[in-house]
Structures are given as C-alpha cells and as structure tokens.
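Dock chain B against chain A, hints included.
There are 2 protein chains.
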Amino acid sequence: MINVAIMGYGTIGSGVVEVLEKNKAEITKSAGVAVALKYVLDLREFPDSPIADKIIHDFKVIEKDADVQVVVETMGGLNPAYPFVKASLLAGKHVITSNKALVAAHGTELLAIARDKQVNFFFEASVGGGIPIIRPLYRCLTGEKIEEITGILNGTTNYILTRMDKEGASFAGALREAQELGYAERNPEADVEGRDTCRKIAILLSMAAGKEVNYEDIYTEGITKITDVDFQYAEKLGASVKLFGTGRVEGDQVHAWAAPVMIGKSHPLYMVNDVYNGVMVKGNMLGTTMYYGSGAGKLPTASAVVADIIEAVQNRHQNVAFGWTGEKLEIADMDTSVHRYFIRVAGNTAVNKVRVQEALKAEGIIWLEGLDEFAVLTEKMTEKDLKERLIPMEAVFQSQGEDGVRQMIRTEL
Amino acid sequence: MINVAIMGYGTIGSGVVEVLEKNKAEITKSAGVAVALKYVLDLREFPDSPIADKIIHDFKVIEKDADVQVVVETMGGLNPAYPFVKASLLAGKHVITSNKALVAAHGTELLAIARDKQVNFFFEASVGGGIPIIRPLYRCLTGEKIEEITGILNGTTNYILTRMDKEGASFAGALREAQELGYAERNPEADVEGRDTCRKIAILLSMAAGKEVNYEDIYTEGITKITDVDFQYAEKLGASVKLFGTGRVEGDQVHAWAAPVMIGKSHPLYMVNDVYNGVMVKGNMLGTTMYYGSGAGKLPTASAVVADIIEAVQNRHQNVAFGWTGEKLEIADMDTSVHRYFIRVAGNTAVNKVRVQEALKAEGIIWLEGLDEFAVLTEKMTEKDLKERLIPMEAVFQSQGEDGVRQMIRTEL
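For the protein sequence lines, the chains are A and B, in the order given.
1 is the number of the first residue of the first sequence in this note's numbering; add one for each residue after it.
1 is the number of the first residue of the second sequence in this note's numbering; add one for each residue after it.
In isolation and in its complexed conformation, chain A is listed as follows (with noise of 0.2 Å):
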C-alpha cells in the first residue's frame, strides 16, 4: 500500500480526494497497488467531513512520517507551497502540485532535487486543468523538434473573449457574467492581465526545450483593451480573438508571449470556446497536434493529479526522466518576431486610408458601416519594423489633430 498526503483541502485538493475515493478500483489496477490517504495538512477542521479525522495542521507530520510516499500540494501560492514542497522532495518522498506558480518559479531546482533524491516530481494538472499536456511532452512527442507550443491556457478568459465573440459583450459586461458564474475571480487581474497564461506558457516551454524559462522574459499582454468593436470587425473577417501563450523557434531564435491573438476559422484553436482550454503543439516531423479539454474545474483538474499519483507509483524506485534542466533558454527580444498586424485607425477618409495603407505595406481596406474608423491587415514584419512605420504615421495625425491608431492585435490570419 502507498500512502498519500495532501497539502491543502481546497477546491482540487478535495477533488483529489474525491477522485481516490469513486475510482478506487480503476486506481489500483493502473498503480499496481492500493493508495491510500492518510493526511489531509490544511489550517482548518472539517468536523462533519469523512477525512474529519486526517485532518492534520502540522507539516513536519508528513515530513517525518516515513510511510508517506506521495505527498499532493494542492494550497497554491508560493509560501508555505514552496518550502513544504521542497522539503518533501528533500525527505525522498513524491510530490505532486498543481500549483503553475510553483512550478514556473521554482521547477528546475525541485525536479533536480528530485532527481539527485531519485523521486518524482509531478505536475501535469499545473497547466490545462484535466488535459494530458506536460506527459504528451515527455511521452510522447519524444523524438521530435518542438518548432511551437501555442496554449489557451485560461479558462476565464476564454469565457469573457467567447462571450464577447458569440453575444457581442463588452468587455466589462462579460467579465462580470464570469465572475457571477464564479468562472473569474472577485480581483481578476491575474487571469485578465496575461499573467497566468504567462506562467503556463513559461512551463510548457520549459518542457518543450528541456531548459529553464524565466518566466518574466516572456512577452505579455492582458485582454483588457480587446473591445467588441474588434469582434465585429473579427467577424467581418470570420475570425475570433483567443488569449494566446505562444513559444515559438524562429531560425536560432526562441520567441515566446502571452497576448492576444486574431485568430481564422481553420486555425486548430479556434473551436476552443468558453472555459475550455486547448494546447497546439507542432514538431517538425510530427506537423501540428492539438489537445482539448476542461482547463479547470474540480474533478478534471483531480483527475490529471491522480494520473500523476499513479504515475509516481508506478515509478517509486526511479525518477522518471523529463529532460528540463538547469540551462537557462535565451527568449529573444518581442521586437524581433515577426506577425501579421490587425490595426484600427481613427478618421474614415481616403486620406487616411491611403496613408495608412502604405506606412504599412496593408492590402485591402476593412470597414464596418457607421465607425469613423478603418482597419487593415499588414504585411508580415517585425514588431520593431511595425513600430518604425507606426511613429511617422502617428506623426502626421497628431500634427493633423486626429487620433491616429486606435488599437492593434496581432493575427495568424
């Protein structure tokens, strides 16, 4: 028998248990042996629950306990996340977490401390909720070189860009429908601001080049300034807007964001609607692979945790190999990468239109009857080319009093 802790009876950390409980049989077969839970570590009681009397308020139990092979860090957060984590690995004991801030911040010292320990450390429910991603990664596209990884990676806010594609939201208007579904949080700040798809996108990456990702090199940029205007010139166009956290390798250069993307009907992502995530994964023998599922949510979010027990103890006398090591990957700089450009502009003259389209090397002229705007699609360049034609362009229309640009959103279009 292989006793489990858990760290935290929050959301997951109770889905956990209740995954352990109803798939028992299912458990057993697939580790071999039976898993049991003996500690639950949070800071309240829970008198009336089943797990009332293995509720316990001390770490140092589970460290100190020598029959606790695999302990789960469902708490969140980095402090006492990282501390308790680390200490386990120290003490030869598994760890699980679906914890993406740990993860991107502390990953590659905890998986060489487990490693030099010879435990695993596991963490396939940090990124896209229940959907298999991180072990695809090490399992499965072993032989290939990883040529992109592009995520959506967060559920709320894929909810509120839904919202605003399907029922022509606003941005506000559908951010409180997701906070009123409980799918976003009172301060969403985090979600809304790119911050965690930066960190899913940070770890993926690390995956996918077997080296360290600073998670604060990556490029990112919140959804906030996305407005329903932009969705009806998207749907003029049979596009939608995705949050995307993109790794990319272009020639010797590595480029990496969490932005917001204008995305076309056959792109593999754009079928991922509301708060389910979607994971684009393309290898130059491989072409393009996609995984899809509930990027969060109670059970399938247990469930990818509890792949992850199993997997431990299907490995207790080994770590397993994940190839993410202590080299650190080189992001090159946003100014480099190269996209095509989605670029509104104040005044709906021929002037302007003109003027516009050939600072920029665009084609043809979008418009959407009774704006004072205009929109058109760039040529392919740089972000720095871009901003090279952007300043004597906005030049002219502050000499000239208007407003100039209104919004950009860069495309796979």
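Check the hints yourself; a few may be wrong.
One copy or two, it doesn't matter: identical chains are merged, so the pair holds either way.
Unchecked claim - Think about it this way: if two alpha-carbon atoms lie no more than 30 Å apart in a straight line, the pair counts; the simulated DSS-like pairs of lysine-lysine are: (1) Lys353 <-> Lys86; (2) Lys211 <-> Lys24; (3) Lys211 <-> Lys29; (4) Lys211 <-> Lys384; (5) Lys265 <-> Lys236; (6) Lys282 <-> Lys166; (7) Lys24 <-> Lys328; (8) Lys117 <-> Lys29; (9) Lys298 <-> Lys145; (10) Lys236 <-> Lys166; (11) Lys38 <-> Lys22; (12) Lys166 <-> Lys380; (13) Lys166 <-> Lys265; (14) Lys29 <-> Lys236; (15) Lys54 <-> Lys64.
I should point out that these hints are in silico values taken from the structure, not numbers from a laboratory.
Just chain B now, kept in the frame of chain A:
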C-alpha cells in the same frame, strides 16, 4: 547503443529511417542511448538508397541476431507480419508496429507474449497516425473510468466527407478527387466501407476497457450511401456528417460502431476536416478531452513509431503494463443502442409528414426547396424501437406505391 531492424521499407518504414536520421540528437537525448539502424527487411533492393547496405531479405537474420533489440514492423497485412512479429517477441525483442490489422486481430496474444518475455509490444502508430492516443490511454487517463471514446480515424473518408460538405461534391466525385491526390487507394473499399475505422476503434476500445475486443462484433457501416442531398440537409441544420468509430459505456452495456454520424458545430470533432484525425475521450472525472492531428502521412506516422522505439529503449529491461488482458469484452447488440435519427422520406405531402412525425416521434419537419421529399429528426430511441416503428410505416407507403424512407443517419444532435 541499441540496434533497430525495420521490416518493410514502404512509406512508413522509409519515414522511420528519415526521422531516426533527422532527429538523431533528440532521439538519443530522450532514449538516453544512441539508436542505430542495423537492418531493413524488404523483398526489394534499394541500390541507390543510403540504406542499400542494410537491406536483407531473410527474416531469420533479424530473429537470430542477439544485437537487434528492437524490431519495427511496417509491412502491413497479416502475413508475414504476424509470424515475424510473434517470432521477434519470442526471441526476446521489443516490437513496434504501425499495423492496425495485426493489432486488431492478434493484439491480445502478442501483448501476452511480450509480458511473458518481459519485452514491449507498442502500436501507437496503428491508430490516428501521428496523434498520441494509445499512450495517453495507458499513461495519462490511468485513474479514469472511460465512458466513451469516439474518433474520426480514417483520413480518406474524412477527406471525402469534407469535400462533400464544403464543396457540395458527390460521393463519387470526392472519391475520385481523393484517389487523384493519393489520399484514397485504387480499391478504396476498406476505407469507405468502414472496415479500417472498425479495426481502429476495436484497438482503442481494447485499450480503454483493458479487455479483448473482437472487431467482428462491432457494427460497421460505410459512407457509400451518404449523398450530397444529406449534406444539404446537414447545412440547414448547422451540422455535418462524419464517419465515427465509437465505443460507449451505457449502464452495464458497451456499444460500439463504425458508422456515419450527423453532428453539430459544438461537437469537439466537428472541426476535424480533410485528412486530419481526431479522437474524443470522455472520462467519468475528467469529462471530455480531444486529441487532434495528422491521421496518416509518412512522417507523422513515422514520428509515432519513433516515440514507441524511444519508450521501448527507455523500458528495455521491463514490460510496461498496458492493462489489455485476454478477458473478452462483450459488445451489446446494436439494436439496443440509443440514438436520435435523421430520416429522409419520399413524397413531400402533408399527409406523409403527419404520418412520419407520428410514427417516429419526430418534432419538426426539415424541407429543402425543390425536393420531392422531407426529413425529420426523431426522438432518442433504441435501434430496435426505430425498426419497429419503421416497419408499419413503410408498409403503408408501399401499399400506396410510394418510396418511403430514403435515408437513415444516426445523429449527435
């Protein structure tokens, strides 16, 4: 160093050689040791090829060479693939195959020999080409009760149906186009009659259930009777028609079929078009996940074979548990499966419409301008129930000299 022998230097076999060469560095890193090609077994000579000196014609050379640890079977068919694979496993060699016919017919026996000999028999490439789907079932969804697995598993038929959907092509026209592009064989029967899909869903269902599935127990219906008129109705319904392979747990029963199904835009497999494949897996905790990618093609399929080679090398001293036992999975009679049906009936008269609506418990009538027929969507009912309702209805039509039912397609609407 690990030595590999490839049996069959056709499209996939030569693709494996190419991937082993082009991604040598990644493969060595993942496998933890260099992987070298020692023999290529083929009836032909390839004097101008870089592998000319590795070509052999006698399987016994591979069987008797103790330095060959991994054998790749990319010949296809059952003879001599089956005796060669069996002999390789009995000789203590790991075997990787891309051959769905072999796995569907002899998977149980070959997996048992592999367990017995403490080697591995892997077949990721036999279903879904490059898409990781076999491995997620035994590596990722290990703590789940799988409730349904449904795939678009055949690129040829998906290409044909996509052309019929997007361009209004006839079945014959789309098939001809697919043949001209090399997507369909000169004799396309195994694809268009659903036999290829049947074998692939049998393999997936065996993996999901951990039991032996006799593919002959799976109800199989091809796409040859699907017409451009069906797609005109589908368009009006915001739907499409796809060839599905499905295994579904319903209470105590397991149903399985390979058949055309009409699905709406919100179905996760709706956007799987052209030669792409997609597999949807529903777990009791995880909910719906979906896996998408190139279902065929030289390099994607070869990449899946190479991932299997790497896993065999990583586990060269142990048998990886697959959970596919010799226990038989009983597939319930198709008559007891429950669907909502799309039914087209000749004779666009008010009397006929009322008669059909009443007989089939259908709500609305779908009618396309200019056609001497109409269609209905029934309530959900068993196939047995449907047949019992159709018989007296057809009798009335016949007594009046009318055509009656022109089409029946199961739906997920």
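Evaluated hints:
In this assembly of identical chains, the alpha carbons of Lys353 and Lys86 never lie at most 30 Å apart, being 59 Å within a copy and 71 Å across copies at closest. When the C-alpha separation of Lys211 and Lys24 is checked against a cutoff of 30 Å, the pair qualifies only between copies, where the shortest distance is 19 Å, while the shortest distance within a copy is 36 Å. In this assembly of identical chains, Lys211 and Lys29 lie within 30 Å of each other by CA distance solely across copies; the values are 13 Å between and 35 Å within a copy. For the homomeric pair Lys211 and Lys384, the shortest alpha-carbon distance inside one copy (27 Å) is at most 30 Å, but the shortest distance between copies (58 Å) is not.
Within a single copy, Lys265 and Lys236 get their C-alpha atoms as close as 12 Å, and across copies as close as 19 Å, so both meet the 30 Å cut-off. Taking CA atoms no more than 30 Å apart as the test, Lys282 paired with Lys166 passes in both settings, with 28 Å inside one copy and 26 Å between copies. For the identical chains of this complex, Lys24 and Lys328 are inter-copy neighbours only, at 22 Å across copies versus 41 Å inside a copy, given an alpha-carbon limit of 30 Å. In this assembly of identical chains, Lys117 and Lys29 lie within 30 Å of each other by CA distance both inside one copy and across copies; the values are 27 Å within and 21 Å between.
For the identical chains of this complex, Lys298 and Lys145 are inter-copy neighbours only, at 17 Å across copies versus 34 Å inside a copy, given an alpha-carbon limit of 30 Å. When the C-alpha separation of Lys236 and Lys166 is checked against a cutoff of 30 Å, the pair qualifies both within a copy, at 13 Å, and between copies, at 20 Å. In this assembly of identical chains, the alpha carbons of Lys38 and Lys22 lie at most 30 Å apart only when taken from the same copy (17 Å versus 49 Å across copies). In the homo-oligomer, the alpha carbons of Lys166 and Lys380 lie at most 30 Å apart both inside one protomer (28 Å) and across protomers (29 Å), since each shortest distance falls under that limit.
For a Cα distance limit of 30 Å, the shortest separation of Lys166 from Lys265 qualifies both inside one copy, at 14 Å, and across copies, at 13 Å. In this assembly of identical chains, the alpha carbons of Lys29 and Lys236 never lie at most 30 Å apart, being 53 Å within a copy and 47 Å across copies at closest. When the C-alpha separation of Lys54 and Lys64 is checked against a cutoff of 30 Å, the pair qualifies only within one copy, where the shortest distance is 16 Å, while the shortest distance between copies is 58 Å.
The structure shown violates the earlier hints numbered 1, 14.
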